[in-house]
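Participant: The chain contents come next:
Protein chains: 2
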Amino acid sequence: MEERRVGSLRFRIDFSQPIYEQIVQQFQSSVVKGEIERGAKIPSVRELAQALHVTPNTVMHAYQEMERSGLTETRRGQGTFITSSQEQIEQLRSKLAAVAVREFLQKMNDLGYSGQEIFRLIQDEERDESL
Amino acid sequence: MEERRVGSLRFRIDFSQPIYEQIVQQFQSSVVKGEIERGAKIPSVRELAQALHVTPNTVMHAYQEMERSGLTETRRGQGTFITSSQEQIEQLRSKLAAVAVREFLQKMNDLGYSGQEIFRLIQDEERDESL
DNA sequence: CAAGTGTATCACATGTTATGATACACCCAT
DNA sequence: ATGGGTGTATCATAACATGTGATACACTTG
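Those protein sequence lines, which keep their order, are chains A and B.
Last residue of the first sequence? That's 131 in UniProt numbering, and every number before it is there in order.
Last residue of the second sequence? That's 131 in UniProt numbering, and every number before it is there in order.
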């Protein structure tokens, strides 16, 4: 609902999903789209927690997931940094996309939609978005 | 994991999602694909609960969601029936598909994928599936 | 050493999911 | 009318996920 800023980053947090998931997704998106540079330092746990009006524990949860997935590297005492490996980032992007595609097609298949129909629905939706 | 049968119906329940959600989805899929006829009576709460090795409350939860969405009509003392309205079914199918498409495109957009790339990924995935 | 990092661990609260049990309300065939 | 099969409501209980708030510890840098 509301947009919070911290440094050059912008965050929107709502109640539709766990907060730590939203934090992860927004970092993923920012990195993958090149809005955050490789190797860049991201806000400290405490700093981001304060900016988002959230407990450090919640941010910590997000940061640990990000490290597990290879999106970030954390250095105790120094901070948390976006991975400097372009390959890591591309792999993560591909993997997330592959999962999304697979789940989507599974869902559409359960609803009995064929490839043709799926393409048509996507085109219709994209047409709507571009208004 | 395991497949459970009750009458002519088949159910697979795993631990990836809430049980009641899986029940709803599998009825949705069966109805939308015509594997269950319109107006057909589905198993009683107690019967399905026993077949799935689950509490009646859990099945009840699923059945109430199914009625809320218009998929079924429940008649106290008689049982639960798939809606006899073809229009209802088609509306539900369209609505579920529209939601799936919208969420998918949102996710892909967050990952920075364009329409062209999305189509290509879908085609690749469908090619794999048809092996 | 001090300040700023990440990390770990409590206690606590809330909401969701699920179990298990009991009771009630309703419909239909006998 | 009664009995058996329906859906429905409610309660207690438990496990888990999510989030808050607080405290303490470990590490790095200046």
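Derived by calculation from the structure, the hints in this document are not laboratory data.
Misleading hints may appear alongside valid ones.
Identical chains share a label here; the pair holds if one copy fits it or two copies do between them.
What the hints assert, rightly or not - Derived pair list, reagent style BS3-like, types lysine-lysine, alpha-carbon separation capped at 30 angstroms:
hint: 1; residue 1: Lys41; residue 2: Lys95
hint: 2; residue 1: Lys107; residue 2: Lys41
hint: 3; residue 1: Lys107; residue 2: Lys95
Participant: None of the hints should be skipped; say for each whether it holds.
Facilitator: Right, here's what the structure says about each hint:
{"no.": "1", "hint": "Lys41 - Lys95", "in the structure": "within (24 angstroms within a copy, 42 angstroms between copies)"}
{"no.": "2", "hint": "Lys107 - Lys41", "in the structure": "between (38 angstroms within a copy, 25 angstroms between copies)"}
{"no.": "3", "hint": "Lys107 - Lys95", "in the structure": "both (18 angstroms within a copy, 13 angstroms between copies)"}
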